[in-house]
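J.: One-letter residues, chain by chain:
Protein chains: 2
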Amino acid sequence: MKYPNSNKVYVQPKTSTANRGMSLEEDINKSNRYYLTNDIAVIHKKPTPITIVTVDYPRRSAAKITEAYFKLPSTTDYNGIYLGKYIDFEAKECDSKISFPFSSIHAHQIKHLSDVIRHGAIAFIILRMTSYDKDFLIKADQFIDFFNSTDRKSLPYAWIEKNGFLIPYGYGKPCDYLSVVEKVYNLQGEL
Amino acid sequence: MKYPNSNKVYVQPKTSTANRGMSLEEDINKSNRYYLTNDIAVIHKKPTPITIVTVDYPRRSAAKITEAYFKLPSTTDYNGIYLGKYIDFEAKECDSKISFPFSSIHAHQIKHLSDVIRHGAIAFIILRMTSYDKDFLIKADQFIDFFNSTDRKSLPYAWIEKNGFLIPYGYGKPCDYLSVVEKVYNLQGEL
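Chains as they are written, first to last, in the working numbering: chain A, 9 to 199; chain B, 9 to 199.
Check each hint, because a few of them may be wrong.
Since the list gives no way to pick out one identical chain from another, each pair is judged satisfied if it fits inside one copy or across any two copies.
[Claimed, not checked] List of simulated lysine-lysine pairs, BS3-like, C-alpha gap at most 27 Å:
(1) 72 with 100
(2) 54 with 119
(3) 79 with 53
(4) 170 with 72
(5) 53 with 72
(6) 191 with 161
(7) 105 with 79
(8) 72 with 161
(9) 72 with 142
(10) 142 with 170
(11) 38 with 147
(12) 53 with 100
These are computed hints drawn from the structure, not numbers from a lab.
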């Protein structure tokens with residue numbers, strides 16, 4: 009496995025994922041708290057977008073939403089700053105052994121990833137392949153290139169293994185994706 | 009009025025605000041759509057953070073949230089990327105003629121602004137002083153310095169006029185804050 013545009017060989021970290029938490033979202037949130045507490049990066053999950061229809065005010069202190077609906081997200085779920093760089097990514101779990109369906113990522117989100125890349129972002133997708141108990145970082149530009157050049161409806165696992173970067177489990181940071189970002193994007197930092 | 013750390017005199021733009029929309033949030037959202045459509049920047053408002061308690065599924069297609077509560081935001085409302093830089097800001101309207109109360113900004117948000125500045129962000133507050141029909145950009149570091157060095161409970165209007173930068177109204181961008189960001193932070197770009 010190689011770095012894109014470089015001759016450096018990427019060594020897959022030796023790691024056990026036995027200590028990972030329940031969901032990818034929880035593991036990323038926990039890792040983000042670790043990064044924040046240790047002053048490594050400021051990256052947050054955005055709240056779930058919702059259309060609020062009715063709000064009741066049973067007490068002055070507590071407004072209660074009694075009718076609301078989920079909205080389709082127009083951006084990715086996570087963004088923030090790391091080593092002065094704007095970071096933007098989407099995270100997905102996939103239980104297929106064969107491939108990751110493109111239908112899991114909305115067209116709006118693919119457009120958003122293209123947009124931020126054009127403006128200089130570090131943008132990627134974190135993919136948890138639950139059947140293999142592996143988390144991969146996939147560069148968004150590579151993902152989009154493949155998406156645009158194929159008639160397939162999904163990203164084959166062989167492609168993911170070849171082009172993705174395995175994300176290690178770290179103490180306090182069960183999905184330590186920034187250690188991969190630092191290497192893959194050749195950033196200077198201390199983790 | 010001067011740039012901080014520079015000898016350049018900042019010339020307040022001559023502008024009429026007669027065409028501004030109803031709320032600051034709407035005006036910023038409209039400006040952000042203009043920036044996105046014209047490929048100038050990718051900046052979005054984050055969804056309102058909510059704790060969801062109960063969801064009904066009356067039909068398979070439409071999940072209906074029937075009990076939810078507003079949460080205190082732990083970050084600011086807006087972030088994104090402009091000229092390769094991570095941008096982060098909070099926007100507030102104030103109808104006082106005298107001062108902007110610090111209680112309008114949560115302690116979490118001030119901590120968040122400090123955090124992102126330390127990691128290299130361009131961070132600020134957009135303050136609409138409705139009594140004067142003026143929008144100001146206030147650098148978050150200056151705001152925090154003043155906040156930490158005073159016993160006052162609010163930011164005096166005289167301070168805002170002296171240290172803030174007036175945000176012009178632009179066609180299609182009723183709160184054209186990026187034109188100010190470009191000058192105040194000495195960025196290279198075309199607007």
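J.: Would you mind marking each hint as holding or not holding in the structure?
T.: To see whether the hints hold, each was checked on the structure:
For the homomeric pair residue 72 and residue 100, the shortest alpha-carbon distance between copies (23 Å) is at most 27 Å, but the shortest distance inside one copy (31 Å) is not. Taking the shortest Cα distances, residue 54 and residue 119 sit within 27 Å of each other both inside one copy (18 Å) and across copies (17 Å). In this assembly of identical chains, the alpha carbons of residue 79 and residue 53 lie at most 27 Å apart whether taken from the same copy (16 Å) or from different copies (14 Å). For a Cα distance limit of 27 Å, the shortest separation of residue 170 from residue 72 qualifies neither inside one copy, at 49 Å, nor across copies, at 41 Å.
Taking the shortest alpha-carbon separations for residue 53 and residue 72, both the intra-copy value of 23 Å and the inter-copy value of 22 Å come in at or below 27 Å. Taking identical chains as interchangeable, the C-alpha atoms of residue 191 and residue 161 are never at most 27 Å apart, the minima being 30 Å within one chain and 46 Å between chains. Proximity of residue 105 and residue 79 under a CA criterion of 27 Å is satisfied in neither setting, with 30 Å inside one chain copy and 38 Å between copies. In this assembly of identical chains, the alpha carbons of residue 72 and residue 161 never lie at most 27 Å apart, being 41 Å within a copy and 30 Å across copies at closest.
For the homomeric pair residue 72 and residue 142, neither the shortest alpha-carbon distance inside one copy (40 Å) nor that between copies (34 Å) is at most 27 Å. Only within a single protomer do residue 142 and residue 170 lie at most 27 Å apart by alpha-carbon distance; the minimum there is 13 Å, versus 55 Å between protomers. Within a single copy, residue 38 and residue 147 get their C-alpha atoms as close as 22 Å, which meets the 27 Å cut-off; across copies the closest is 30 Å, which misses it. Proximity of residue 53 and residue 100 under a CA criterion of 27 Å is satisfied in both settings, with 13 Å inside one chain copy and 22 Å between copies.
Of the numbered hints listed earlier, those contradicted by the structure are 4, 6, 7, 8, 9.
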